[in-house]
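As given, the protein sequences belong to chains F and W, one line each in that order. Numbered by my numbering, the letters in the first sequence go through residues 228 to 314 in order. Numbered by my numbering, the letters in the second sequence go through residues 257 to 659 in order.
Just to be clear, a hint being listed does not mean it is correct.
What the hints assert, rightly or not - As a list, the in silico DSS-like pairs of lysine-lysine whose alpha-carbon atoms are at most 30 Å apart:
1) W:K455 to F:K238
2) W:K303 to F:K307
3) W:K657 to F:K309
4) F:K289 to W:K337
5) F:K309 to F:K289
Rather than coming from a laboratory, the hints here were simulated on the basis of the structure. The structure displayed is predicted, hence computed values, not measured ones.
One letter stands for each residue in the lines below.
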Amino acid sequence: MSDSIQERVLKIIANTRRIPLESVRPNSTFEELGIDSLDRLNILFDLESEFDIEIDDEEAKKVQNIPEMIAGITHLVEAKAKASPES
Amino acid sequence: MPRVVITGIGVISAIGLTRDAFWRSLTAGICGIHTIHSEDFDQLRFKHAADVEGFVPEDHLPAKDLSLMDRFAQFAVVAAKEAMAQSGLELTPAMREDGAVVTGSCVGGRSAEEVGYRELYIHGRNRVHPLTIPLGMANAGASHISMQFGIQGPSYTISTACSSSAHSIGQAFQMVRSGAAPMAIAGGSEAPLYFGNLKAWEAMRVISKDTCRPFSADRSGLVLGEGAAMLVLEPLETALARGAKPIAEIVGFGMSADACHITQPSAEGPARAMRMALRDAGLAPEQVGYINAHGTATEVNDRTETAAIRLVFGPHADKLAVSSTKSMHAHTLGAAGAIEAAASALALANDVIPPTVNYTTQDPACDLDVVPNTARPQQVEACLSNSFAFGGLNAVLAFRKFA
Numbered sequence: 228m229s230d231s232i233q234e235r236v237l238k239i240i241a242n243t244r245r246i247p248l249e250s251v252r253p254n255s256t257f258e259e260l261g262i263d264s265l266d267r268l269n270i271l272f273d274l275e276s277e278f279d280i281e282i283d284d285e286e287a288k289k290v291q292n293i294p295e296m297i298a299g300i301t302h303l304v305e306a307k308a309k310a311s312p313e314s
Numbered sequence: 257m258p259r260v261v262i263t264g265i266g267v268i269s270a271i272g273l274t275r276d277a278f279w280r281s282l283t284a285g286i287c288g289i290h291t292i293h294s295e296d297f298d299q300l301r302f303k304h305a306a307d308v309e310g311f312v313p314e315d316h317l318p319a320k321d322l323s324l325m326d327r328f329a330q331f332a333v334v335a336a337k338e339a340m341a342q343s344g345l346e347l348t349p350a351m352r353e354d355g356a357v358v359t360g361s362c363v364g365g366r367s368a369e370e371v372g373y374r375e376l377y378i379h380g381r382n383r384v385h386p387l388t389i390p391l392g393m394a395n396a397g398a399s400h401i402s403m404q405f406g407i408q409g410p411s412y413t414i415s416t417a418c419s420s421s422a423h424s425i426g427q428a429f430q431m432v433r434s435g436a437a438p439m440a441i442a443g444g445s446e447a448p449l450y451f452g453n454l455k456a457w458e459a460m461r462v463i464s465k466d467t468c469r470p471f472s473a474d475r476s477g478l479v480l481g482e483g484a485a486m487l488v489l490e491p492l493e494t495a496l497a498r499g500a501k502p503i504a505e506i507v508g509f510g511m512s513a514d515a516c517h518i519t520q521p522s523a524e525g526p527a528r529a530m531r532m533a534l535r536d537a538g539l540a541p542e543q544v545g546y547i548n549a550h551g552t553a554t555e556v557n558d559r560t561e562t563a564a565i566r567l568v569f570g571p572h573a574d575k576l577a578v579s580s581t582k583s584m585h586a587h588t589l590g591a592a593g594a595i596e597a598a599a600s601a602l603a604l605a606n607d608v609i610p611p612t613v614n615y616t617t618q619d620p621a622c623d624l625d626v627v628p629n630t631a632r633p634q635q636v637e638a639c640l641s642n643s644f645a646f647g648g649l650n651a652v653l654a655f656r657k658f659a
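All chains should be modelled from the sequences, with the hints used to inform the complete structure.
What follows is the structure, given as structure tokens:
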């Protein structure tokens, strides 16, 4: 079984921010992890590559914490699956 | 030290191909931002920009010269010609020998490089155009201006992102004031609307979803534009001696570095640059009636700039008019400082303060008098023009009405 969306998001945050994976908890805040606006840009960029999705600027601005980020990515991944169902 | 005046201004922008057209648009509150229909923009998340429409370089320069210039260099030379024509300055051999040309540009002629990259990486050709380097170099504007007028003194280009041409004008001002240069052409030009650069800005996630609404609660970011402005600077005494009519006086220049973050601004850095410009000018804060704000319409700029203005001006901040003309000509990056310096000088000369257009609702964190939507007839004694760059490099120019 491949990693869940949550696990993949946490891994990307850890890799992008260059911090140990175990320090990134699903309920961590961006402040706790020292993630600033430029880190967020990098994370969004890597998330788009990882999940092959496009994240809208306005939607991205609304994301305040990791649970919201995971929920947003899950939503986009599901929308993508619905748009192009595997035959 | 001699006083330094602006005797000529040239502008090319989305809201006017000449100084007069630019000023008419500024006072009428005309916005040059519109939806761009092109193959490049079809592949972008944003659809708006403020491009310069109707610019015909052949109307201004011989075809053989034009082939040596990228669009940003063409803008630079054409704006310089307009500024020199207005100044009426006839360069003497001594002025030619020691005159200065200082330009600002952020991306220079990199669109020429992009053409080369397409050849290499997409079309599989193993060569690029032989003029790729001279077209692409950021100093091409300064070089072509120096050749155009035979000016042989200190000539160079400053690249400090969105502060580039404010730094250029400031340094040229210092050279004329110190006597190092008998005259200067200073300003900036930019033509950044090429695909690779647009994509890079898209990735920064700072581009507005609709238009540029500085200080407005519903703003969503900046809009990119292109254009140029050039100023002719001279010592007051020589300008008056030859019967020139000064447009405004440059009285101060302040520079600072935030030294804190590559994209996030601080309030203290810009505040120090404003204080330094006032001190250099010998102006009390209360003498300033207008600030042409950096005002990019990103949340972080507008709030930080408001805080910085309050730090410097205290209670007087509530008596200041503070507008962002980027709401009309958009963010022209390396040309922004010069276009806004031109707007500031023209505001002083014409006793009209240009507005912040596209403004709908106040952001409580941006609670200054932003001159919403309509120009205001008002005489002010002095004004500042703010430029704050990514990387925390700040440049503030101070101007005084010439009377």
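Hint check:
1. W:K455 to F:K238: Distance ~26 Å between K455 (chain W) and K238 (chain F) Cα, so the pair holds.
2. W:K303 to F:K307: holds, 23 Å
3. W:K657 to F:K309: violated, 64 Å
4. F:K289 to W:K337: Violated, at roughly 48 Å.
5. F:K309 to F:K289: With Cα atoms ~24 Å apart, K309 (chain F) and K289 (chain F) stay inside 30 Å; holds.
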